[in-house]
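Trainee: Single-letter residue listing:
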Amino acid sequence: MVYKKVLVTSTGEYLDDILKHTLDLISERKMDVIGLYVVDTSVPFLTPKKIKEMMITELKKKGREILDSMKVEFEKPGNYMINFTEMMVEGDPADEIVRIAEEENVDVIVMGTGKSVVDKHLLGSVSEKVVHSAPCTILLIRTVQDEK
Amino acid sequence: MIVTIILVISLIISLLIVIKAADLFVDNLVEIGLVFGISEIILGVTAAAIGTSLPEFGSAMLAILTGNPEVGIGCAIGANIWNIGGILGISTIFAGTILSQKEEIRRDGSMTLITALIITIFMFMFGELNLIVGIVLLSIYIIYIWILIRAQQNNVKNNKKSFVTTKKEKKKRLKKENVFWVITGLIGLAVGCRVIVYSTVTLAEIASIPEMLAGILLAFGTTAPEFFTVLTSARKGLNRLAVGTVLGSNIFNILIGLGVPSLFVVIPVEEIAIRFDGPAMIVLTFLLIVLLRRRMKLTRAEGVILLSSYIIYMGTRLYIMS
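In the order they appear, the protein sequences are chains A and B.
Numbering of the first sequence is given in our numbering, commencing with residue 1 and proceeding in unit increments.
Numbering of the second sequence is given in our numbering, commencing with residue 1001 and proceeding in unit increments.
Treat the hints with caution; some may be incorrect.
Here are a few chain B residues that face chain A, going by a calculated C-beta distance under 8 angstroms [as the list claims (entries may be wrong)]:
| id | residue |
| --- | --- |
| 1 | I1017 |
| 2 | I1019 |
| 3 | D1023 |
| 4 | D1027 |
| 5 | A1151 |
| 6 | T1229 |
| 7 | G1237 |
| 8 | L1241 |
Distance ranges between label pairs, derived from CB positions [claimed, not checked]:
| id | chain 1 | residue 1 | chain 2 | residue 2 | range |
| --- | --- | --- | --- | --- | --- |
| 9 | A | G91 | B | L1016 | 21 to 31 angstroms |
| 10 | A | G91 | B | T1299 | 39 to 49 angstroms |
| 11 | A | T85 | B | G1037 | 33 to 43 angstroms |
No wet-lab data here; the hints were simulated from the structure.
All residues carry an ideal CB built from backbone N, CA and C; glycine is no exception.
Extracted from the complex, chain A is given alone in its bound form (with noise of 0.2 angstroms):
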């Protein structure tokens, strides 16, 4: 199987190491890579429409970086092989990315895994949901810092 092209993912955490595994995963190949952020809307009922706007405006800000990030990293001279474009949805995260997998017809998900059990339990995992809909192959980065 030849990867033609990549959808990368993050909020922001270890954003390094998913972009030196996706790296390494494109190697010297050409290939079109995809840097996705998702605006996670979701906000409890009784949150004050204000503070909805406040979160979002905040939460666009953050993906502007990260986006920005990713872009100066793909677009490095030494990687003149990768054709980089970058999205910004708003929605629910692991609805989003696969919907936008489906779209793209791209052939890896890459994005961060390995929250801890608590996390998982309090949190959720976007990856989880995503690894039972996704239309692709997914590469998901071991990003959890073992506990001492």
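Since chain A is already given, all that's left is putting chain B on it; use the hints.
Mentor: Relative to the frame of chain A, chain B by itself:
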């Protein structure tokens, strides 16, 4: 029994009405403010604080003005202790980590501690909250808002894009629907808060618990907007919003929540509030600042410490009363 059930249901429904009415009121008031040329910076700074704290303020204000001052004071002080120990504690446990910023601790953290100290000292000195206290509290809030606006103006100057957006958004026309929703929101707030106070006082009588404790317990409901804001922000990694909401709300609850009603009536303060609740609020605020400053973040273990502190506070309070 049926009366109790009806009161509990009406308390829950009125809390939901008040929270949604506050949201509607603030949201449309901001739109009207923009039409009249009030700076979006001023509106943004005040709307965020008022938006989440209006249910406590409305309930405390109506309780005090309708002859149940203990409920009002309990609601304001109880909300502050719950915000730190309960809301921030639970949110940190869920999110794992909440990062803090030096500027935030220095400005908002210090102001939260100063506010807690001032109100406790005033309660100790006068044994009541009177016109002088009201004027001092409101003056401090005006100074604090001025500091916030200055800080926000500096941020905008550093970000030309935001400045352009601000200018564009100023060109708005007054919409009738905004006026309608502001009035509707205000009515919802007034009616909802009145029902909340009535239900709380009557339930306190039925359960034979002091009104001040009923106010502290009421704070669980009125702080629901803070709870969801802090929890969601922490889970999404929006650390500044999470910590800022708690600190901003605590400052507002005391300076406005108790400051405004003090202008109209003399509010008697119970001995337990002076000797226990006030000091407990100071200790928890101090604990939060120490934890935030120590490693510039709150960890899950520190979240447990905060929540445990709240449980110890409530346990001790119930023990003292019994």
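Trainee: For this structure, which hints from the list above don't hold up?
Mentor: Violated hints (numbers, rising): 1, 5, 10; every other hint is consistent with the structure.
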